[in-house]
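Undergrad: In case you want the letters, here they are:
There are 2 protein chains.
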Amino acid sequence: MQGNYKALWLNDDLFDECLEVIDQRLLPFIYDTRHLTTTEELVTAIKNMTVRGAGVIGSVAAFGIYIAAIEVEGDYELLKEKAALIRESRPTAINLMWAVDKMMELLKNSENIIEDAREAAIKLNDEEALESQKIAEFGCDIIEEILKKKNKTKINILTHCNAGWLAVIDEGTALAPIYEAKRRGIDVHVWVDETRPRNQGASLTAWELSKSDIEHTIIADNMGGLLMQRGDVDMVIVGADRVSANGDVANKIGTYLKALAAHDNDVPFYVAIPASTFDFEIIDGAVEIPIEERSGDEVKFIRGVDEDGVLRRVRITPEDSPAKNYGFDVTPARLITALITNKGVCRADFNEIKEKFRG
Amino acid sequence: MQGNYKALWLNDDLFDECLEVIDQRLLPFIYDTRHLTTTEELVTAIKNMTVRGAGVIGSVAAFGIYIAAIEVEGDYELLKEKAALIRESRPTAINLMWAVDKMMELLKNSENIIEDAREAAIKLNDEEALESQKIAEFGCDIIEEILKKKNKTKINILTHCNAGWLAVIDEGTALAPIYEAKRRGIDVHVWVDETRPRNQGASLTAWELSKSDIEHTIIADNMGGLLMQRGDVDMVIVGADRVSANGDVANKIGTYLKALAAHDNDVPFYVAIPASTFDFEIIDGAVEIPIEERSGDEVKFIRGVDEDGVLRRVRITPEDSPAKNYGFDVTPARLITALITNKGVCRADFNEIKEKFRG
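Going down the list, the protein sequences come from chains E and Y. End of the first sequence sits at 1139 in my numbering; the numbers just go up one at a time, nothing left out. End of the second sequence sits at 1139 in my numbering; the numbers just go up one at a time, nothing left out.
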């Protein structure tokens, strides 16, 4: 486990206990946290990406039910309304819906909703941390296999967006095997896709890896294809926001392009997920998974620090040119080598997924 | 022709005639020009990308030989040394080498080097403008065919980087058919790839298209795959810096990823080039074309204007994280529908290219 690093935790400094989260919008420039004391604050924090990452959103949502329970003084009917608000705050994240539904199910017959919500949210988090550790181990076994097969001692892993401890409790999904590799003494180097337009790679992943002393190099999203053509990438590991029953993967916009390049260059392409990422309601991911559209301003404006260390938001396009901004794309199962899950490695295949996860 | 818009022109305001160019590093925020009066200034302007774009670099290089000829007072031996400096200023651009070599060949037996260099450079530019016009016409014929085949009235074209009039005299390569489409009254919309890390799309292409009132939308480089999956792209047109004898295309980093996505979604993928872009010395482009590596700071820092309109350079990554920055990738011929050249449309095929262009 990373030990010192967490994306969120309960804070009882205030009158009622509240949720404290790292404000991920300010990273890597400023480390700051926010107190989420109401459902409204919590929904806003999810929407404006103060908190982001499939797992962390789920965790925040679970604690959100606890915060909401305090707010409505344990009234289940009122809590249902709050839960609906939390559930709708981000459309693509299946963990969010899963966490809210699971919490509400657990509390349905509770006689002490506030206390039970607290306990359930903590339990859900502990379980997620354990899942992350299992993904770390299964994923690192694959790293070892690849090194053995290639007769190499150093692994080059490309990742897109951020699926580390800032994204999923406790060590992430895509980055978990990398942290595990470090623990096992493997020489690991990570190609970090910048991940436009919100730059989760260049800011969050690079920052995370720096904190953990893991060798990494930031690249423009455009560069992964060339690196694969050159043989400079041994494997790709990404996370996912939702995986359909047939193994199609919704993940941060641009993932599909990297999967195509990996396929074209025989680079193994892995998706690391907790089992809760599966959405069995959706059979054909490419057609059915809803894709979130976000503001074009995320493309037109960018944050950074100037030479005096002052955080600034600048426009990088002509003022009048419009921009379109979809948050996710869907990578078809045929491009995926395998899914690394907390229950083991599984091919992105309808029958194998069904057998292993719906049993 | 665009008429009013030019990327460079001769200016005789100063004692000796000099070359005036648009400083493309400041666009789309500031329109400003530079006077290039010496070989050194000219080489620096190519290296630091004050001027960029395959054709414009070639044009600047041709006028550079004229500027150098003034500098060395028409001495051919001294001119050869200056020519070598210009020739080496950017490694991937074949037009640059082609223009320098052509100029030097023409001047070999000249008895009036300065005057002849001036005349030759102007002639070379006029020829390029004509080539651009031919590309515009052949390319627009394809646009009309696609619309007819799809029974549509509006075409959605995706382009990467900038291959318009800021890149190639007189209307560009990839954008030339789009300008022609407008003249022919076709309803055209352009998806403009931002083109990290230097953002030539989000800054130069968007600015160019704005100036010409052509409907366009800026997208992160990550988004093209999803748009193609959705059927929102009817064709891709890009330029090229070098095309090998077998039809492999070296173009701005990220082009290869778009070609993969186009291929995967049956979207026609065209490369618009003047015939001078072919490099018959190189048979297998994927293996042999040298790829320019540029400073990682181009990934780590970005320019934009703040809310007060002040141009600022900000860092968008953690300070200590390194970045890698290759400028180009090579798209294999198998992914290319056809090459749109000034001599007509040609498949990206060794024999067809040989027959048409080496004949």
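Just so you know, the hints here were simulated from the structure itself, not pulled from any lab data. These numbers were taken from a predicted model, which means no experiment stands behind them. Among the hints, erroneous ones may be present.
You can't tell identical chains apart in this list, so a pair holds if it fits in one copy or across any two.
What the hints assert, rightly or not - Calculated pairs, EDC-like style, for lysine to aspartate or glutamate (alpha carbon to alpha carbon, straight line, at most 16 Å):
{"no.": "1", "residue 1": "Lys-1134", "residue 2": "Glu-907"}
{"no.": "2", "residue 1": "Lys-930", "residue 2": "Glu-1078"}
{"no.": "3", "residue 1": "Lys-1134", "residue 2": "Asp-967"}
{"no.": "4", "residue 1": "Lys-991", "residue 2": "Glu-1099"}
{"no.": "5", "residue 1": "Lys-882", "residue 2": "Glu-995"}
{"no.": "6", "residue 1": "Lys-928", "residue 2": "Glu-1132"}
{"no.": "7", "residue 1": "Lys-903", "residue 2": "Asp-812"}
{"no.": "8", "residue 1": "Lys-932", "residue 2": "Asp-1012"}
{"no.": "9", "residue 1": "Lys-914", "residue 2": "Glu-995"}
{"no.": "10", "residue 1": "Lys-991", "residue 2": "Glu-861"}
{"no.": "11", "residue 1": "Lys-1104", "residue 2": "Glu-857"}
{"no.": "12", "residue 1": "Lys-934", "residue 2": "Glu-924"}
{"no.": "13", "residue 1": "Lys-991", "residue 2": "Asp-1100"}
{"no.": "14", "residue 1": "Lys-882", "residue 2": "Glu-925"}
{"no.": "15", "residue 1": "Lys-1123", "residue 2": "Asp-1012"}
{"no.": "16", "residue 1": "Lys-928", "residue 2": "Asp-1059"}
Undergrad: Could you figure out if Lys-991 and Glu-1099 sit no more than 16 Å apart (CA to CA) within one copy, between two copies, both or neither?
TA: Intra 37 Å, inter 12 Å, cutoff 16 Å: inter-copy only.
Undergrad: Is it within a copy, between copies, both, or neither that the alpha carbon of Lys-882 lies no farther than 16 Å from that of Glu-925?
TA: neither (36 Å within a copy, 54 Å between copies)
Undergrad: Pop the pair Lys-903 and Asp-812 into one bin, within, between, both or neither, using alpha-carbon distances up to 16 Å.
TA: neither (26 Å within a copy, 61 Å between copies)
Undergrad: At 16 Å max between alpha carbons, let me know whether Lys-1104 reaches Glu-857 within a copy, between copies, both or neither.
TA: neither (39 Å within a copy, 54 Å between copies)
Undergrad: What label fits Lys-930 with Glu-1078 when the C-alpha limit is 16 Å: within, between, both, or neither?
TA: neither (41 Å within a copy, 33 Å between copies)
Undergrad: Regarding Lys-934 and Glu-924, is the shortest C-alpha distance of 16 Å or less found within a copy, between copies, in both, or in neither?
TA: Classified as within; 10 Å inside a copy, 52 Å across copies.
Undergrad: Classify it for me, Lys-991 with Glu-861: is the Cα-Cα distance of at most 16 Å met within a copy, between copies, both or neither?
TA: Intra 40 Å, inter 50 Å, cutoff 16 Å: neither.
Undergrad: How would you label the pair Lys-882, Glu-995 (within, between, both, or neither) given a Cα cut-off of 16 Å?
TA: neither (38 Å within a copy, 47 Å between copies)
Undergrad: Can you give me the call for Lys-1134 and Glu-907, within, between, both or neither, at a CA distance of at most 16 Å?
TA: neither (22 Å within a copy, 64 Å between copies)
Undergrad: Give the relationship of Lys-914 and Glu-995 under a CA distance limit of 16 Å: within one copy only, between copies only, both, or neither.
TA: neither (23 Å within a copy, 50 Å between copies)
Undergrad: At most 16 Å between C-alpha atoms: does Lys-1123 with Asp-1012 qualify within a copy, between copies, both, or neither?
TA: neither (30 Å within a copy, 38 Å between copies)
Undergrad: Evaluate Lys-991 and Asp-1100 at a C-alpha cut-off of 16 Å and name the case that applies: within, between, both or neither.
TA: Classified as between: cross-chain Cα gap 11 Å, same-chain 40 Å, threshold 16 Å.
Checked against the numbered hints above, the structure breaks hints 1, 2, 3, 5, 6, 7, 9, 10, 11, 14, 15, 16 and satisfies the rest.
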